[in-house]
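Chemist: The chain contents come next:
There are 2 protein chains.
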Amino acid sequence: MKKYNFNAGPSMLPREVIENTAKQILDFNGIGLSLMEISHRSKDFQPVIDESVALIKELLDVPSGYSVIFLGGGASLEFMQIPANFLIKKAGYLNTGTWAKKALKEAKLFGEVVEVASSAGDGYMKLPHNFDIPKDLDYLHITSNNTIYGTEYRKDLDSPVPLIGDMSSDIMSRPVDVSKYTCIYAGAQKNMAMAGVTVLIVKDDMLGKAPRELPTMVDYRTHVEKGSMFNTPPVVPIYSVLETMRWVKAHGGVKEMERRADERARILYDEIDRNKLFRGTVATEDRSVMNICFVMNDEYKELEKPFFDFATERGMVGIKGHRSVGGFRASCYNAQTLEGVNALVQAMKDFEAQH
Amino acid sequence: MKKYNFNAGPSMLPREVIENTAKQILDFNGIGLSLMEISHRSKDFQPVIDESVALIKELLDVPSGYSVIFLGGGASLEFMQIPANFLIKKAGYLNTGTWAKKALKEAKLFGEVVEVASSAGDGYMKLPHNFDIPKDLDYLHITSNNTIYGTEYRKDLDSPVPLIGDMSSDIMSRPVDVSKYTCIYAGAQKNMAMAGVTVLIVKDDMLGKAPRELPTMVDYRTHVEKGSMFNTPPVVPIYSVLETMRWVKAHGGVKEMERRADERARILYDEIDRNKLFRGTVATEDRSVMNICFVMNDEYKELEKPFFDFATERGMVGIKGHRSVGGFRASCYNAQTLEGVNALVQAMKDFEAQH
Numbered sequence: 001m002k003k004y005n006f007n008a009g010p011s012m013l014p015r016e017v018i019e020n021t022a023k024q025i026l027d028f029n030g031i032g033l034s035l036m037e038i039s040h041r042s043k044d045f046q047p048v049i050d051e052s053v054a055l056i057k058e059l060l061d062v063p064s065g066y067s068v069i070f071l072g073g074g075a076s077l078e079f080m081q082i083p084a085n086f087l088i089k090k091a092g093y094l095n096t097g098t099w100a101k102k103a104l105k106e107a108k109l110f111g112e113v114v115e116v117a118s119s120a121g122d123g124y125m126k127l128p129h130n131f132d133i134p135k136d137l138d139y140l141h142i143t144s145n146n147t148i149y150g151t152e153y154r155k156d157l158d159s160p161v162p163l164i165g166d167m168s169s170d171i172m173s174r175p176v177d178v179s180k181y182t183c184i185y186a187g188a189q190k191n192m193a194m195a196g197v198t199v200l201i202v203k204d205d206m207l208g209k210a211p212r213e214l215p216t217m218v219d220y221r222t223h224v225e226k227g228s229m230f231n232t233p234p235v236v237p238i239y240s241v242l243e244t245m246r247w248v249k250a251h252g253g254v255k256e257m258e259r260r261a262d263e264r265a266r267i268l269y270d271e272i273d274r275n276k277l278f279r280g281t282v283a284t285e286d287r288s289v290m291n292i293c294f295v296m297n298d299e300y301k302e303l304e305k306p307f308f309d310f311a312t313e314r315g316m317v318g319i320k321g322h323r324s325v326g327g328f329r330a331s332c333y334n335a336q337t338l339e340g341v342n343a344l345v346q347a348m349k350d351f352e353a354q355h
Numbered sequence: 001m002k003k004y005n006f007n008a009g010p011s012m013l014p015r016e017v018i019e020n021t022a023k024q025i026l027d028f029n030g031i032g033l034s035l036m037e038i039s040h041r042s043k044d045f046q047p048v049i050d051e052s053v054a055l056i057k058e059l060l061d062v063p064s065g066y067s068v069i070f071l072g073g074g075a076s077l078e079f080m081q082i083p084a085n086f087l088i089k090k091a092g093y094l095n096t097g098t099w100a101k102k103a104l105k106e107a108k109l110f111g112e113v114v115e116v117a118s119s120a121g122d123g124y125m126k127l128p129h130n131f132d133i134p135k136d137l138d139y140l141h142i143t144s145n146n147t148i149y150g151t152e153y154r155k156d157l158d159s160p161v162p163l164i165g166d167m168s169s170d171i172m173s174r175p176v177d178v179s180k181y182t183c184i185y186a187g188a189q190k191n192m193a194m195a196g197v198t199v200l201i202v203k204d205d206m207l208g209k210a211p212r213e214l215p216t217m218v219d220y221r222t223h224v225e226k227g228s229m230f231n232t233p234p235v236v237p238i239y240s241v242l243e244t245m246r247w248v249k250a251h252g253g254v255k256e257m258e259r260r261a262d263e264r265a266r267i268l269y270d271e272i273d274r275n276k277l278f279r280g281t282v283a284t285e286d287r288s289v290m291n292i293c294f295v296m297n298d299e300y301k302e303l304e305k306p307f308f309d310f311a312t313e314r315g316m317v318g319i320k321g322h323r324s325v326g327g328f329r330a331s332c333y334n335a336q337t338l339e340g341v342n343a344l345v346q347a348m349k350d351f352e353a354q355h
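Protein chains in written order, with full-length UniProt numbering: chain B, 1 to 355; chain C, 1 to 355.
Source of the hints: derived by calculation from the structure; they are not laboratory data.
A few of these clues could be false.
The list treats identical chains as interchangeable, and a pair is accepted whether it falls inside one copy or across any two copies.
[Stated by the list, open to error] In the DSBU-like style, the derived pairs of lysine-lysine whose C-alpha atoms are separated by at most 30 Å in a straight line are:
#1 Lys89 to Lys105
#2 Lys301 to Lys90
#3 Lys105 to Lys203
#4 Lys43 to Lys101
#5 Lys255 to Lys126
#6 Lys23 to Lys249
#7 Lys226 to Lys349
#8 Lys23 to Lys102
#9 Lys203 to Lys249
#10 Lys305 to Lys90
#11 Lys101 to Lys23
#12 Lys89 to Lys249
#13 Lys3 to Lys23
#14 Lys305 to Lys226
#15 Lys108 to Lys2
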């Protein structure tokens, strides 16, 4: 049976990314060695890094003065590396959900941290808007898309201080004004790659200002200066970045990714709003186009498990809401298809007709 | 042409590990999804972690009271995490080469560090022996195999204090008395996996004693408590650990890996010692069986480039010595074959016959 992958991450990737990666694992560029066993310092791998960096810069229109680096450890590791590198006196954080809160917590180890705005009081079901941003912050940290709750800042914020964006779950899904940011980082296992690599876009002249001695690997300068080759980088995950970036470019770039995301989200939210069994969980204006969260309406609560089973029988994978929230979550990253979304919508319609 | 892979890391892996990984990337366990796009929290992936941990424990005969965890970032990141977690007052380090020195450097950020012994004065071409180990150390850090210089402690040291071993380049190549260690860690891209995952074996009751507040991701307890699932782990690299550990077990375990390593090394060092063109660089008793380093004898210096070309034409890959040392290095990790070693030896013989 055909599967429709709505996993929140690691998540659906374009089929050609998967097939090309498997092919290169069997024989990398026809050299008679596997992608798994080539040296990261070989003449065969350097072009992978170079083209990946070039494509990321091209696709997101990264201005000069920024570096793109690849790290291991996941975005969670960046929660401590970001303040270690950029917190001089005071940093601001938006508390918009689980991951935002985790980022904020780690920053407190490095200096003064201000919670500039929070939607915790609303159960994170909406986003803060129209808040004041203190002008003396070193940076304002935002989680642009909140994977668990399904809220998303779909535009770059206006801010009197530089932004730092955790874009783990919506990078490459829309054009971004990179010049507003000191750093954009993303655990790449949603829109960019298999799990195992973190992508950072770092403004070079903001590095080296923090008043603390950093371990070599924690200091972003190490990786900028060595072109992500200070130590052995995650070779195969980086290769999957390259393949995915090639796919994004071939499919029209981030402008087209945005159009597709909007279209998918419209179809799915329209059905959620129309169908008597379901309701969206998030304030309409803050709805994520990446993670579409919904629950059964109160009078149909007992149908949650039956609908999950019904959809699973039709090939839906990963539609269970995050364990801290419940209900359903259909993650629609760049690789998600209209076919997948329509299959889910049809399942919702058919299930409704039965009840 | 058949290639013989002598890369120092990432390096040769068993062909069945490569083929099985490629197959699972195309369709994981026949579920209709790629290994690249399954959730790390799915019922499909948990058994991968569980079996990998179980096999590592079985193969290295890990005593109870130890945990096995998987991290990203590489062994270089552990150079700071090790002292962050285990340095209470004073740590000892053996300075046996480039990586050992890097580990020592990072530890100094966290407390008092003693260089217990060093072979820097010998250009790292031998290993320190018969040194005194202060009894008041929290731990003694050793780099069991020095990838760049080709020296190796082939037995666990006797020590009055617990050991911490960077075994990045010789883990799984011999039985180890794990009970002597507080922690064994390894960037897994030599004997255990593709690049992108670090394996740690940690003694549970040594955690949480260091007198400092640790960032969540730096604290090993985070990963022990969450079974390497605090955040998204490197799914595909971990899968390649599983495949490689299955291969090691099927091929007789670490005892047999040791026998094979000794056999390969004997054949290659015998030729180096016999052949008039070459000489080994390392003191005989300290020679690594993983990284076999040699240079042209002084009177044949000008033949270095010609021999490199000669061997390359016969399919040898990765035999250039590390850029900081020069000469040649044939890395013979677990997956290296007698066929590969014999091909290199034959090239050395044939080249000698021409000169």
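Chemist: Would you mind marking each hint as holding or not holding in the structure?
Modeler: Each hint, compared with the structure:
1. With identical chains, the CA atoms of Lys89 and Lys105 are at most 30 Å apart both within one copy (16 Å) and between copies (27 Å).
2. In this assembly of identical chains, the alpha carbons of Lys301 and Lys90 never lie at most 30 Å apart, being 45 Å within a copy and 59 Å across copies at closest.
3. Proximity of Lys105 to Lys203 under the C-alpha cut-off of 30 Å is found in both arrangements, the shortest distances being 24 Å within a copy and 27 Å between copies.
4. Within a single copy, Lys43 and Lys101 get their C-alpha atoms only as close as 42 Å, which misses the 30 Å cut-off; across copies the closest is 28 Å, which meets it.
5. Proximity of Lys255 to Lys126 under the C-alpha cut-off of 30 Å is restricted to the intra-copy arrangement: shortest distance 25 Å within a copy versus 59 Å between copies.
6. Proximity of Lys23 and Lys249 under a CA criterion of 30 Å is satisfied in both settings, with 21 Å inside one chain copy and 27 Å between copies.
7. For a Cα distance limit of 30 Å, the shortest separation of Lys226 from Lys349 qualifies neither inside one copy, at 54 Å, nor across copies, at 39 Å.
8. Proximity of Lys23 to Lys102 under the C-alpha cut-off of 30 Å is found in neither arrangement, the shortest distances being 38 Å within a copy and 36 Å between copies.
9. Taking identical chains as interchangeable, the C-alpha atoms of Lys203 and Lys249 lie at most 30 Å apart only when both belong to the same chain, with a minimum of 24 Å there against 47 Å between chains.
10. Neither within a single protomer nor between protomers do Lys305 and Lys90 lie at most 30 Å apart by alpha-carbon distance, with minima of 46 Å and 56 Å respectively.
11. Taking identical chains as interchangeable, the C-alpha atoms of Lys101 and Lys23 are never at most 30 Å apart, the minima being 40 Å within one chain and 39 Å between chains.
12. For the homomeric pair Lys89 and Lys249, neither the shortest alpha-carbon distance inside one copy (40 Å) nor that between copies (53 Å) is at most 30 Å.
13. With identical chains, the CA atoms of Lys3 and Lys23 are at most 30 Å apart both within one copy (22 Å) and between copies (18 Å).
14. Proximity of Lys305 and Lys226 under a CA criterion of 30 Å is satisfied inter-copy only: 27 Å between copies versus 51 Å inside one chain copy.
15. With identical chains, the CA atoms of Lys108 and Lys2 are never at most 30 Å apart, being 47 Å at best within one copy and 55 Å at best between copies.
Of the numbered hints given earlier, the model fails hints 2, 7, 8, 10, 11, 12 and 15; all others are met.
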